[in-house]
Amino acid sequence: MKVIKFQHRSCFKWLLRGCSLPLPPKTGSEYYTRPNVVQTEMDEQGCPRCKTTKYRNPSLKLMVNVCGHTLCENCVEMLFVRGSSNCVQCDTPLRKSNFRVQLFEDPTVDKEVEIRKKVLKIYNKRDFDFPSLREYNDYLEQVEDIVYNLTNNVDVENTKLRMEQYQRENRDVIQRNKAKLTREQEELEELLLQEQQSNEQRRLEVLQEEQRQLQAKRKNKQALLDELEQSQLPATLLLAQHKVRAAQLETQIEQQKQAVKPTSLFSTGIHMRQTVSLQPVTKIEDVLYHYRPLQVETYGPPVPELEQLGRLGYLNHVRAAVTQDTAGGYTSGLACYRAIQDAFSGLFPLRG
Amino acid sequence: MFHNSSQKKYWIFKSEDELEHMRCKANQKFRNKALESGKKPGVSESMFLQRHEEDVLFRHYERRLLEFCNAFKPTMPKSVVGTALMYFRRFYLSNSVMEYHPRIIMLTCTYLACKVDEFNVSCTQFVGNLVQETPAGQERVLEQILEYELLLIQQLNFHLVVHNPYRPMEGLLIDLKTRYPTLESPESLRKTADDFLTQAAMTDAGLLFSPSQIALTAILNSASRAGLNMESYLTQCLGLKEEKETLSKMYDSMRRMKTLLKKYEPPKLEEVNISKQRLERIHAEFASSSNKRKRGYEEDGHVAKEPRLVEEEWTDEDLI
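Going down the list, the sequences are from chains A and B.
Every letter in the first sequence is one number past the one before it in full-length UniProt numbering, and letter 106, counting from 1, is 106.
Every letter in the second sequence is one number past the one before it in full-length UniProt numbering, and letter 312, counting from 1, is 312.
Pulled out of the complex, with its shape left as it was, chain B reads as follows:
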C-alpha cells in the first residue's frame, strides 16, 4: 500500500523548489563531468543546455512518451502509462538530458513499466510498435533499450513499484456512491476527473503528493466545475469535522496541485527544435568519447562486440 511504500519514503518531496534544486544539481554535475573529461577544442560553456531548455525538451519527450503509449498495440492499461511517466520523471530528477538522450530513456521507461506492471509484451512486439523503423532499425533500438535498462533501474534506486492515482479514484467513486447520497451521479464526474489525472501526470504532482490526494483533488475539481459542492463529503464521510488543521492542509495541497496544472504549458515547436539541435550536438560531442556500452547482457565466452563507430542514429521522426 502507499503508506508503507518506497514511493512515500523516498520519492515524495516537500516542494517544487526542492525538485528544481535537484534538477539544477544534475545539470551542473554533467557540466563538470564534461568539462573535466573533454578539454577538447570547441567545447565551451555556452554549448551546454540551460535549465529552461532542458525543461522544454523534457516536456516534449514526455508528450512523445504519452503518444507512443496511447498508440501502443495491444492497448496499454493506464497504470502502465502512469508508471512509465513516473519513471521518466524520476530518472531526469537526478540525471541530465545532456547525458542520456531522452528518446532512448523514454522507450526504456515504457519497456520497464510494461514488465513491472505485468503487462506482458515481448521485446520484439514492443519495438514492432515503432512503425517508422525498418526491422533492422527496430533491432538496433531494442539493443539500446536493453543496454540502458539496468542503468534506469539503478537510477530509480531499484524502487520500481509506483502507485498511480487511477485506483484511488475508483475507490473514491465507490465510496461516494455508497456513503454520499447528496451527490446524485458520481459517474458524471468520471470523465473530467480522468482528464485531470492525465494532465496531472504531466506535471510534478506525482512527486509532491500522494496518489489518493491527487485523485481526491481530481474529483473535487470536476465537481466544482459541474457546480456541485462536496465540502460535506470531506467533513462528514472522511471524518474531518473536528480536524480543522488537517482540513486546511488538505485544501492547501489541492490548491497547490491546481496551480501546478495551470502552470503547465505544452512546449512550443520552435523552442523544441532549437533545443533539440543543441542537444544533438552535445551528444555527438560527448557520447562518442565516453563509450557507454554496458556489457551486462553478454554471455561468457562470447566475443565482445566492437563499438560501432558508424552508428545510424534513429531520429525522433522514427517514432510516431
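So that you can see chain A by itself, here it is in the shape it has in the complex:
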C-alpha cells in the first residue's frame, strides 16, 4: 500500500476516518481533546492527493467512487483524463463516470449509500409482500447483510452470486413493485404540483388586486386634476368631492381585504358543522371526601394553644421579643410554645 506522508496532524485524523474500524488514539492528549467530535472545520477535510483543503479553495468539491476513496475535482480531471485509471489509495480500476459528489463527511458512508441504492433496486419487496412480520424482518436482515458485505469487501463474489440468483427468481415481483413504486411517486408528484399551482394562483390574484387598487387611486388623482383644469366649480368644492371619493375608495379596499372567503373545511379536513360523536364519559361514583382534622398522639398532657399563651400568663415568664426580633416575624409566644410543646411531648409513659 502506498505510504502517505503525514504533513499535518489533520491528515492522520482524516485517515482515521477513512478506516472502518476505530483506531485507538495515539497519545493521551488526543483522547482528551477530541472524544467524539466530528471534524467539520474547513481546514480539516482535504484531497488526499493534492492536499488542498476547503480552507484554501472554498469551492473545492470532493468526489467519491465505488472503492470509497475521495478525490477533489481537479485531481479527478487530471488523473482520469483518459477515462479510466486506478484509485490512488487502493489501486482498484475505476471509471471517471463513477465519481459522484461527496455528500457525507465520511467517504465510506457515500460508498455505502451508492451500494444501497443499487441493492434496493433489486431487493424492492415491501412489508405487505410478506405473510408475517418475522419473515419481513428476515428479508431486511438479508438485505443489510448484502449491503454490508459489498461495502466492506467481505465475500464479494458470493454476495454478487446471491444477488443474481435472487434477481432471477423474483423477476416478476421486482417488476411489479417497481411499477407500484413509480405509480406512488407519480401520485405524490401530482399532489405537490397541484399545491404549487394553487399557491401560484393565489399569489397572482393578490398581485392583481394590488394593481387594480393602485390604478383606481391613480385614476382618482387624475380625475381631480382634470376637473380642476376644466370645471367651473370652485377649487375647494372640487377638493372636497375628491376627498369623499378617496375615502370611498379606501373603505372599499378595506372591505375587500376583510372579506374572507368562507370555507367549508377545517385545515384537518373535517367539514364545518359536522358533529363528531364522542363516547359518553363514564361517571365515577365515589364516597364524598369528608374532612377530619389531623390527630397526633403526643403521649403527654395537652398543650395550650399558641394564641392563648398570652392570656394564660405564660408569656410573662419568657424573655420579651426585642424590636429586632419582631421585624423578622418572631414573637415571644413562638419560643414559649415550642418550649411547652417539648416539655409535654412524650411525658407520659407508653401504654403497655
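These are calculated hints, taken from the structure and not from any lab test.
For every residue, glycine included, the Cβ atom is placed at its ideal position computed from N, Cα and C.
Where hints are given, some of them may not hold.
A short, non-exhaustive set of chain B residues, derived as facing chain A with CB atoms under 7 Å [as the list claims (entries may be wrong)]: (1) K177; (2) Y180; (3) E184; (4) P266.
If you want the ones that stay clear, here's a sample from chain A, every Cβ over 12 Å from chain B, calculated [as the list claims (entries may be wrong)]: (5) C50; (6) V101; (7) R116; (8) K117; (9) V156; (10) N158; (11) M163; (12) P301; (13) P304; (14) L312; (15) R338; (16) D342.
Fit chain B to the known structure of chain A by using the hints.
Same frame as chain A, but now just chain B:
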C-alpha cells in the same frame, strides 16, 4: 417533635439489659471478625477486651468528649454537647471500641453534632481547638475525621436529629411559674436540675427515657433535695389525678433514672491506662491489616493517595 421522631421510634429501648445485650453482640461481632480475618501469630482470645474494660474506656472517652466541648472556642451550646454525647453513645451501641478507636469517633461525633445543630464552625476552626497539636497534626486529625464521618452517619442509621432534655426543662420551668404558684421560686431549682441533666447525659438515660421525662425527673429531684413537695403539680396541673396507673409508671421511671445516675462512677485511672494499652495493641494489630481508608471525598481524576504506612498516631495527650 419528640413524639413522632426517629429517636422515639428507633432509639428508645425498654431496659438496660437490652442495651447491654446489644453491646455484647457488638463485642462478639468484632471478635469473630478479627479471628476470621487474622489467623496471624500472636492473636489470641485473651487479647480482646472484655465488656467491663470496654465500658471503662467508653466512660473515659466520654469524659474527654465533655471536656473538649466545654473548652471549645467559641462556646458550644448545650444542645450541641448533648447531641454529640448521644451520637457517641449510639455509635458504640452497635460497634465495638476495638474496631473503631474512640478518640477519633469522639471528635467525629462532635464535628457532626456541630453541623446538625447548626452551630457553624469551619473544619479548620474545629481542629484548631486541639491545642496540643501542631498545625500539621491538626490536618491529619481533620482528614481522619472526614474519613469517619460517613461511617458515623451510617451507623446512626441516618437518624441525625436528637432531642435533648434542655428545652423541655425550660418549658417545665415556664409551666411551673405560670400554673403552680405553690412553688415560690422555680428558678432556684434551675442549677441543680442542670447538674442532674449533665450527669444524666453521661448515663444511658437518653436511650431509655424521653427527654421530657428526664427533665421532669431533674426538676422533681432538685425540688426534693430542697425539701419541697411537688406531687400536687403532677396530679393537678398535668391532669394525672385520675390516672393512677400512669402516675405510678412515671414514678417508676423516675426511680429507675435516679438509680442509673447513682450507679454511674467515673473511671479509675489505673484501669483506664491498662485498658488503653490493650486497646492500642489491638488497634495496631488489626487496623493496619484492614485498610479502612474511606475514599468518599476524592474527586474524579485525582490520583488516589497511597496508604500511609508510617502513621504518626496522635495520642490522647494531644487533646486537652
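Take a quick look at V101/A and tell me if its Cβ sits farther than 12 Å from every Cβ on chain B, holds or violated. holds, 45 Å
Please settle this one: M163/A was flagged as non-interface, so is its CB more than 12 Å from every CB on chain B? holds, 52 Å
Hinted contact Y180/B with chain A - closest CB pair below 7 Å: violated, 12 Å
Take a quick look at L312/A and tell me if its Cβ sits farther than 12 Å from every Cβ on chain B, holds or violated. Given a closest Cβ separation of 7 Å, the condition is violated.
Examine each Cβ of chain B, and state whether all of them lie more than 12 Å from the Cβ of D342/A. Since the minimum Cβ distance to chain B is about 5 Å, D342/A lies within 12 Å and the statement is violated.
For P304/A, which was marked as not at the interface, is the minimum beta-carbon distance to chain B over 12 Å? At about 9 Å from chain B, P304/A fails to clear the 12 Å cut-off, so the statement is violated.
Test the statement that K117/A is away from the interface with chain B: the closest C-beta pair must be farther apart than 12 Å. holds, 47 Å
Outside-interface status for P301/A - nearest CB in chain B farther than 12 Å: Label violated. Min Cβ-Cβ 5 Å, cutoff 12 Å.
Close enough to count: is the Cβ of K177/B nearer than 7 Å to one in chain A? holds, 4 Å
Nearest-CB test (12 Å) between chain B and V156/A: Holds: least Cβ distance 47 Å, greater than 12 Å.
Tell me if the interface restraint on P266/B is satisfied: Cβ within less than 7 Å of some Cβ in chain A. violated, 30 Å
Would the least Cβ to Cβ distance between R116/A and chain B come out above 12 Å? holds, 43 Å
Of the numbered hints listed earlier, those contradicted by the structure are 2, 3, 4, 12, 13, 14, 15, 16.
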